[in-house]
Structures are given as C-alpha cells and as structure tokens.
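Quick note, the sequences are listed as chains A and B, same order. The working numbering numbers the first residue of the first sequence as 1 and each following residue consecutively. The working numbering numbers the first residue of the second sequence as 1001 and each following residue consecutively.
Derived from the structure by calculation, the hints contain no laboratory data. Since we're looking at a predicted model, the values are computed, not measured. Idealized CB from N, CA, C, for every residue including glycine. There could be a bad hint or two in this list.
[To be verified] Taking lysine to any residue pairs in the SDA-like style, the calculated list, with each CA pair at most 25 Å apart, reads: (1) A:Lys245 with B:Asp1151; (2) B:Lys1378 with B:Asn1348; (3) A:Lys219 with A:Ala21; (4) B:Lys1175 with B:Met1001; (5) B:Lys1035 with A:Asp104; (6) A:Lys328 with A:Gly275; (7) B:Lys1150 with A:Glu241; (8) B:Lys1346 with B:Pro1318; (9) B:Lys1129 with A:Asp102; (10) B:Lys1150 with A:Val345; (11) A:Lys34 with B:Asp1132; (12) A:Lys235 with B:Pro1067; (13) B:Lys1036 with A:Leu107; (14) A:Lys50 with A:Asn132; (15) A:Lys50 with B:Leu1201; (16) B:Lys1129 with A:Phe342; (17) A:Lys182 with B:Asp1120; (18) A:Lys162 with B:Thr1274; (19) A:Lys34 with A:Asn344; (20) A:Lys162 with B:Leu1201; (21) B:Lys1284 with B:Asp1370; (22) B:Lys1036 with A:Phe342; (23) B:Lys1238 with B:Asp1088; (24) B:Lys1129 with A:Lys245; (25) A:Lys245 with A:Gly184; (26) A:Lys182 with B:Thr1126.
[To be verified] For each label pair, taking beta carbons as the anchor points, the in silico distance ranges come out as: (27) A:Lys327 with B:Glu1070: 38 to 46 Å; (28) A:Glu252 with B:Gly1281: 41 to 49 Å; (29) A:His287 with B:Asn1283: 52 to 60 Å; (30) A:Asn3 with B:His1258: 32 to 40 Å; (31) B:His1258 with A:Ile29: 33 to 41 Å.
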Amino acid sequence: MINSVYINGLGAISPQETFSADSFLKNIIDYNQKYLEIIPPVYKEYIDPKALRRMSKIVRMGVASGFMALKQANIEIPDAINTGTGLGCQADTEKFLQTMIDNDETLLNPSSFIQSTHNTIGGQIALAIGCNNYNMAYVHRTFSFETALLDSMMMITEGTAKNVLVGGVDEITEESYYIRAKIGHLKNEAEQSSNILNSKTIGALCGEGAAFAVVSDSKTETSYCKIDGVSMFYKPVDTLEIAAKITSFLQEHNLTPQDIDFVISGFNGDIEYDGIYRMINEKIFEHSGLGMYKNLCGEYDTSSAFATWMAANILKFKEIPSEIIIKKPLNKVKRVLIYNQFHNVNHSIILMSEC
Amino acid sequence: MQRRVLITGLGTISSIGMNIEETLDSLLNKRSGIKKSKNLQSVHKDDFVFGEIPLTLSELKDMLNIPQHEAYSRTSLLAMLAAKEAVDNAGISDINKYRTGLLSASTVGGMDRSELYYSDFLTNDTQNKYIDSHHCGDHTEKVADLLGIKDFTSTISTACSSSINTIMFGARLIKLGILDRVIAGGVDSLSKFTLNGFNTLMILDREHCRPFDETRSGLNLGEGAGYVVLEADDIIEKEGKTAICELKGYANANDAFHQTASSPTGEGAFLAMTKALKLSGLNKDDISYINVHGTGTGNNDLSEGIAMKRVFGENIPPFSSTKGYTGHTLGAAGSIETIFGALAIKHNTIFPNLNFVNTIEEIGIRPETDIITNREIKNVLSNSFGFGGNNSTLIISKI
Chain A
1 MINSVYINGL
11 GAISPQETFS
21 ADSFLKNIID
31 YNQKYLEIIP
41 PVYKEYIDPK
51 ALRRMSKIVR
61 MGVASGFMAL
71 KQANIEIPDA
81 INTGTGLGCQ
91 ADTEKFLQTM
101 IDNDETLLNP
111 SSFIQSTHNT
121 IGGQIALAIG
131 CNNYNMAYVH
141 RTFSFETALL
151 DSMMMITEGT
161 AKNVLVGGVD
171 EITEESYYIR
181 AKIGHLKNEA
191 EQSSNILNSK
201 TIGALCGEGA
211 AFAVVSDSKT
221 ETSYCKIDGV
231 SMFYKPVDTL
241 EIAAKITSFL
251 QEHNLTPQDI
261 DFVISGFNGD
271 IEYDGIYRMI
281 NEKIFEHSGL
291 GMYKNLCGEY
301 DTSSAFATWM
311 AANILKFKEI
321 PSEIIIKKPL
331 NKVKRVLIYN
341 QFHNVNHSII
351 LMSEC
Chain B
1001 MQRRVLITGL
1011 GTISSIGMNI
1021 EETLDSLLNK
1031 RSGIKKSKNL
1041 QSVHKDDFVF
1051 GEIPLTLSEL
1061 KDMLNIPQHE
1071 AYSRTSLLAM
1081 LAAKEAVDNA
1091 GISDINKYRT
1101 GLLSASTVGG
1111 MDRSELYYSD
1121 FLTNDTQNKY
1131 IDSHHCGDHT
1141 EKVADLLGIK
1151 DFTSTISTAC
1161 SSSINTIMFG
1171 ARLIKLGILD
1181 RVIAGGVDSL
1191 SKFTLNGFNT
1201 LMILDREHCR
1211 PFDETRSGLN
1221 LGEGAGYVVL
1231 EADDIIEKEG
1241 KTAICELKGY
1251 ANANDAFHQT
1261 ASSPTGEGAF
1271 LAMTKALKLS
1281 GLNKDDISYI
1291 NVHGTGTGNN
1301 DLSEGIAMKR
1311 VFGENIPPFS
1321 STKGYTGHTL
1331 GAAGSIETIF
1341 GALAIKHNTI
1351 FPNLNFVNTI
1361 EEIGIRPETD
1371 IITNREIKNV
1381 LSNSFGFGGN
1391 NSTLIISKI
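Given the sequences, and given the hints that come with them, work out the whole structure.
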C-alpha cells in the first residue's frame, strides 16, 4: 500500500486565471475556439530573464508552475522532481524537424534539439534551483502525470523523500493541433467550451497547461488536501471491468463508491468517448456529485494535473465553481475522485480527500 | 522482510546481434557492429558510422508476423522483438499468472517514421496511420499488446539514462508490492532527427569511437532494444525458477550543471554511484566490474572518470565501455548495458573497451582492453547518463 500524501503547494498555468489569481476560479472564461491556449503570467517576475530567453512556451509554463508550487510550500530544494508530459516539447521538435526539411539538414540550431528532449522541463527546474536529487520524466499519453504522481507517492512511502515536486505539462501548437484534428482526436471546428457536454462531433476540445504540486509526508499550514491514491488501467474490455477496477481500487482504501462525494470526470466533448463517464456514473456513482474540468482547460495528455489542482482547491476552500458541476454533490465535499480516460485505452483515477 | 528483486530473463537486439546468443558471441569475439549505414535516409549518412541493425522495416515486420501495411514504427518493432525474447528467456508462459507490468523507455519514440512523413502529415492524408505512432508511449503499448500485459504499463523518457530508470522504477514497484513482475527496458531506432541533433552539438565521431581514450572525438550513434524481466524473490520461489542475477542497487541523481554537458567534477555521476552503492549495502571493493557510460565524447569520459576516482579513489575496479561494440543506443543504452553486465556475471567474463590506446592524461585510468574470462564477477555497476543532467547507476549481483 502507498501512503497518502499532502499537497502543500500548487502552481498552475492554464487557459483560466489560475496562476496568480487571488481567488479560486472566480471569473471562468468561456471560449469559442478550436483549441484553448494558456493565459501566460509575466514570466520574468518568476524566471531569470537570461534563462527565460532560451525557454520555449512549454518549458516556461512548466518551470514557472514548479517555482510557484515550491514557493507556496516553502520548499527550496525538493527531494525529487517528477514531470509528466504526453507529447513533450512540441514547438522545439517541430522547429528542428521543419528546419531539417527546409534546409536539407544544414544550418540547424542545437537549441531546439536540446530543448526537445522530454526531460528538459524537470532538468531546467533542477538547473535553476541547483537540485541534485532524483529527477524523472514520464511520457505515456494520459498516464504521464499519473505515473509521475505514483512515483512521488512511492518515494514518500519508501521514506526516501519528504517533499516531492510533481507536475504535468503539455502544450499545443498550430501544426500539432492540425495533425491530430485530422485523425479525429481533436475537433476540426471551433467549439463553445461551456457547451462541450452537448457536442455532436467526434474529437476533443483541445487545450494546454502546466500544473505542479509539492506533495509531502506531513501536513503543514499551507496544506490544501491529501492525495490518497492513484491508479491506471489499460484497455479494459468493457464498462463492467472499468467499474470493477474503480470499485476494487476504492476497496483497497477501505472505501466504497458511496463514500465519494464528487467525481470529477474528463468529459472533453468527444461524442465517441464521453459516454463512458455517464455510464460509470450511473453504474456506481449514482449517489455522488459529478463534475468536469476540460471545459476550463481543454483536452491534453496531462490535463489531470489541472484537475488535481482544481480538486485541491475545492477540498481546501469548500467551493465548487458552478461551471464545472454536472450533478451537485449531496454532501459537503470531503472526498473527490478524478476519473479520466483516453479513447477507452488509458484510464486513470486519482483519489483525494480533505485534510 | 523486504522483497528482493531478481532478473530472470534477458532480451536484446542491436547491431551486434538479433538476440542474446548472437550478442554474446559478438562480445566474446570483439565483433563491433559499427559501420556505414544502409537504412538511414540522411544527407549526412556517409559522413559517420553507426551501430545499425541490418534489417529493414519490412524484414522486422516479417519477423513478428505483422502485415506490411500496418503502421508500426521501427522503434516499436525492435522493442517487440527484444521484449518477447526476454519473456521467453524468463520461462514465462502465462503472463497474467502474477501482477505483471511493463516499463519501457525511448528518447524519440516513433520519430523514425514521423520524420519521414512530417510533410505528408501537414499536406496530405497518405501517411495518417503513422500520426499516432509518434508519441513515446506508442511503442510501449505495442509491446504490452504483444505480450498481453494489462496490469501496468508506462514509459520513461530521460534521454540516455532512460532505461536504467525503467529498471529502477520496476524494482521499486515490486518491492512495494504493487506488482510482482516487471518487464523493464528501453529502445531507440536510428533517426535523422537524432543524427542531426547530435551533429549540431558536434559530439559525433566520424570514425569508430574511442571511449576513454585521450584522442577520443565523439560518439557513434546506435540503435537497439534491451529488456530484462524483474521478478520478486517470493514469486521465483513459488515457480521454482533460477534467476540470472539480483538487482541490488540503483540511484538517480541530477548533475544540475548544464543542459547537455556534464560538470567538471562529475557531481551527478558521483552522487548516482555513491547512492547506488549505499542502497546495495556493498563496499566499493566488492564491485568486480563497471560498465561505464563511456560514450567517447570529450566531456563524458573525462567527467565520468573523475567521478569514478571520487568514488573509488585509486582502486577503480576493472571497467570498460561497450559502446565501441554497439554505438550509443540512447534510450536502450541503460538496459542493453545492464544485459551485458548480467552476461558478465553469468559467464564470469569482462567484455573489453574497444579502440583504447592512450589513457586520458588528466585522469590516468585504463579500461580493460582484452576479454577476461574465468574471473569471478560478483557485482557489476553500470552507468548511464543523459541530457538534462540525468545520471543513473545500477548494481547487479551474482546470487
């Protein structure tokens, strides 16, 4: 069994005002776009301008979010830095590739190649703060952040870490959006983000963002909530198996589905797959409240990091923005389950509770 | 009592062999796989030498009975071959008899295809089936599906240290009782992207690389896949199996010095080796052999050598870089070289550091240049260091 951990610091950059807002999601922005883009902070207030100049969008948002989480938790050097990213540094990869093609493999800039390696975000955080500790990058679609989180919780359970910086980051570029929309992963037309539940087309409303947390073995005055567990499952044969896996995961934590006050699900507007969430909700969570998060941040491989940020705030401040409520919770929200899946292949759940 | 983690199966494919048997034969006969490339489609192809696997995409698909029209990256195919060998080698017939996971690593995933079809992706629909095989996790899922693994599957990507990191994570999953067995390793296929990337960094040798030699001038790129089967001791006992060796120590540390270059003091390497030793409970003089990262670049070999001196003082164990055989296989390097370490233990043999003539003046240490047989190899330490200051060390031991 893995120990629960406390979230003692958070930092999130997203298509909403999440980074330096005084209040929790007070002014939710409703978009009508093909994909949602982040609202960047004034980066030079958080990152050294010399270093900033060399950083691409994904690296900036990752590093800044990481710094914010550390600041909130009053931690200078974490015992580990674990980063999840599904597609890594798209912009740099595309830049290098396109230049390779255009210039026939000459006149290439090493910077975009170096920046394209998937562990560059975690590497640059370590470089900036001088952290020599464990530093890992997980790159597996919608398992990326979850694996990073699992590793972090494992370390704390093992006793090899007290405070771990863990996060999920993914960026969207025009090219990568086009390519994925072409094969039906993303929507080809603009969609109203507040209306994704009523979408009639396949493909998800795409987004991007970075969310980092400092997870710890002990509660402090900065604690938001606890993360009690995380689980991933691959290619379940049917909804019965999904329900069984979720139920048995909860059982391992001495809980039943009835104990979950609020289920935050990864509805993303894809008419082909969003039905899974409804089915699971009806099957086992008929007593729980139901919510969503991708109307705020869009679909991307590590969006569950945003969901974690959101759930942590809900558990701490006991407020739920109306925009994310599909079915109101019956009770005060003490336990949250985040449930996300990609194309019925990669399913993941994160269990969180108040502290 | 904490569970022990043992290695029960090995599987590999690289320029020196299609499987473990061929690989061992090459190692014992000083047969390097580094030569001019046949398959790479690059203007720089003839400027360098590579550890390339002499099989085309078609041939790889045939070996796996995959219909030619189906979209598989070269990366996926290499991974599937090596992972399958590892599972067979471990004598596993029912993969789901115990909670079994798969952890794989790659630096560029399906880039071997996406770089060829990137323009098509943007301008027409002829290569759409390859769009989704680009991401790092794709090859892992292809392997999971081939082997029937459902309990756990994920992917690590930390440049050249990636596949020591998968083995380490796998071991921890077993020790914590989350899983009973993990197939762990990594893969990378040669790509134009990587070739050009490394070329712009000016760390490629046009000639056959010379790790740890004073005149070394860079690395040779290689491709390959390597997987080990990790099993908990209680599972092995239940099955009445014999293991090849034990995974006794591992560690990951960050150099935090520069995005690509290693620090002059080899801090990250020093920390990784020190922590791995500490975890293993072994003394430094218990180490029989070190398989160094030894890429042949000016920076790595010096930095790694300095770190080794910091850890071992004047009594550095016999060591060699095997990259003179395979080239630098990037995401597969950690696991392939762990496999070489396991073979060293199994056969009581040290494989040599090819092309070494002169010691690096600044550090004055000599790798082993001959094959040493009939030497009891009890504990092997293996290093893999990647961009982003990612430094990993692993220690395996005779049982």
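Verification of the hints:
{"no.": "1", "hint": "A:Lys245 with B:Asp1151", "verdict": "11 Å, holds"}
{"no.": "2", "hint": "B:Lys1378 with B:Asn1348", "verdict": "8 Å, holds"}
{"no.": "3", "hint": "A:Lys219 with A:Ala21", "verdict": "24 Å, holds"}
{"no.": "4", "hint": "B:Lys1175 with B:Met1001", "verdict": "10 Å, holds"}
{"no.": "5", "hint": "B:Lys1035 with A:Asp104", "verdict": "23 Å, holds"}
{"no.": "6", "hint": "A:Lys328 with A:Gly275", "verdict": "19 Å, holds"}
{"no.": "7", "hint": "B:Lys1150 with A:Glu241", "verdict": "12 Å, holds"}
{"no.": "8", "hint": "B:Lys1346 with B:Pro1318", "verdict": "17 Å, holds"}
{"no.": "9", "hint": "B:Lys1129 with A:Asp102", "verdict": "24 Å, holds"}
{"no.": "10", "hint": "B:Lys1150 with A:Val345", "verdict": "11 Å, holds"}
{"no.": "11", "hint": "A:Lys34 with B:Asp1132", "verdict": "20 Å, holds"}
{"no.": "12", "hint": "A:Lys235 with B:Pro1067", "verdict": "23 Å, holds"}
{"no.": "13", "hint": "B:Lys1036 with A:Leu107", "verdict": "23 Å, holds"}
{"no.": "14", "hint": "A:Lys50 with A:Asn132", "verdict": "22 Å, holds"}
{"no.": "15", "hint": "A:Lys50 with B:Leu1201", "verdict": "21 Å, holds"}
{"no.": "16", "hint": "B:Lys1129 with A:Phe342", "verdict": "18 Å, holds"}
{"no.": "17", "hint": "A:Lys182 with B:Asp1120", "verdict": "12 Å, holds"}
{"no.": "18", "hint": "A:Lys162 with B:Thr1274", "verdict": "20 Å, holds"}
{"no.": "19", "hint": "A:Lys34 with A:Asn344", "verdict": "23 Å, holds"}
{"no.": "20", "hint": "A:Lys162 with B:Leu1201", "verdict": "37 Å, violated"}
{"no.": "21", "hint": "B:Lys1284 with B:Asp1370", "verdict": "23 Å, holds"}
{"no.": "22", "hint": "B:Lys1036 with A:Phe342", "verdict": "42 Å, violated"}
{"no.": "23", "hint": "B:Lys1238 with B:Asp1088", "verdict": "18 Å, holds"}
{"no.": "24", "hint": "B:Lys1129 with A:Lys245", "verdict": "31 Å, violated"}
{"no.": "25", "hint": "A:Lys245 with A:Gly184", "verdict": "28 Å, violated"}
{"no.": "26", "hint": "A:Lys182 with B:Thr1126", "verdict": "12 Å, holds"}
{"no.": "27", "hint": "A:Lys327 with B:Glu1070: 38 to 46 Å", "verdict": "42 Å, holds"}
{"no.": "28", "hint": "A:Glu252 with B:Gly1281: 41 to 49 Å", "verdict": "31 Å, violated"}
{"no.": "29", "hint": "A:His287 with B:Asn1283: 52 to 60 Å", "verdict": "59 Å, holds"}
{"no.": "30", "hint": "A:Asn3 with B:His1258: 32 to 40 Å", "verdict": "36 Å, holds"}
{"no.": "31", "hint": "B:His1258 with A:Ile29: 33 to 41 Å", "verdict": "39 Å, holds"}
Of the numbered hints stated above, those contradicted by the structure are hints 20, 22, 24, 25, 28, listed in ascending order.
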